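Q: Each chain, letter by letter, is given below.
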Amino acid sequence: DTEVTQTPKHLVMGMTNKKSLKCEQHMGHRAMYWYKQKAKKPPELMFVYSYEKLSINESVPSRFSPECPNSSLLNLHLHALQPEDSALYLCASSQSGTSYYEQFFGPGTRLTVL
Amino acid sequence: SQQGEEDPQALSIQEGENATMNCSYKTSINNLQWYRQNSGRGLVHLILIRSNEREKHSGRLRVTLDTSKKSSSLLITASRAADTASYFCATDKETSGSRLTFGEGTQLTVNP
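Sequence lines, in order, name chains A and B. Its first residue numbered 1, the first sequence is counted upward by one per residue in our numbering. Its first residue numbered 115, the second sequence is counted upward by one per residue in our numbering.
So that you can see chain A by itself, here it is in the shape it has in the complex (with noise of 0.2 Å):
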C-alpha cells in the first residue's frame, strides 16, 4: 500500500469554528509532514513530524495545531482560521524525515474559510 489517504476532501468553515484534519499511511514511514498551497503557488512547509515527535514547525500561527497520535496518523488541528488560510492542504510521508527520501503526497484537503 503506497497511498497516504487524507479526510475531508472538502472543508468549509467558519472563523469561529473548529474542525481538524486528519492524514493516514501505512507504508510504515516514521516522517510525516503538513503542506499548505495557495492556488498557482508551490507546496509550502509548515510542520515535520519525525519518529512521532514534532522536528519542524515553520513559525506557523498557533490557529494550526498538529497532532501525531501514532506513526500512522497527522492530524491537524484548526481553530480560529482567517480566509487567508483558505488552501489546499496536504499531508505527505517519507521513510524518515532526510530529504534523501521520496516523499508521498495525499490528494490534499481543499479548505475555504468564510
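Rather than coming from a laboratory, the hints here were simulated on the basis of the structure. All figures in this text were calculated on a predicted structure; none of them were measured in a lab. Honestly, I wouldn't trust all of these hints.
Unchecked claim - Partner residues aside, some chain B positions facing chain A, computed with beta carbon under 7 Å:
| no. | residue |
| --- | --- |
| 1 | T141 |
| 2 | N145 |
| 3 | E167 |
Unchecked claim - Among chain B residues calculated to face chain A with C-beta under 7 Å, some are:
| no. | residue |
| --- | --- |
| 4 | N144 |
| 5 | R155 |
| 6 | L157 |
| 7 | I163 |
| 8 | L189 |
| 9 | A199 |
| 10 | F202 |
| 11 | D206 |
| 12 | R213 |
| 13 | F216 |
| 14 | E218 |
Glycine included, every Cβ here is placed at the ideal spot set by N, Cα and C.
Model the placement of chain B on the given structure of chain A, informed by the hints.
A: Showing chain B alone in chain A's frame:
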C-alpha cells in the same frame, strides 16, 4: 527566499514533442527532487538525484544536475496529453537535510 526557481513558468507543446524544464537554486544541496502535480491534486514523485550524480533516467524522463551552476533540468521525451501537469523541483539545503523547498513550478500543457 525561495531555494528553487524554475523556467519557463509555462510551456505548451504538441504530443510527441520533447519538453524541457529548468530549475535553479541558490545554496548547496544534498539532493534535488522533481514532482508532478495534476490540477488541484497531490504531488507525485518523479525522480530524486543526489548531489554527486550528474544524470538520471526513468522511463521517458531524464534529469540532469549541474552543481557548479546550481541548476537542474527535467526532460520529458515523446510527450503525451497525460503529461499535462505542473512540474516542481524541490531542493533541500546541505545544512538542513529534512526541509524540502519547492520551486515555483512549470505548467506544462501537451496538446493532442
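Q: List, from low to high, the hint numbers that the structure doesn't satisfy.
A: 1, 3, 7, 8 and 9
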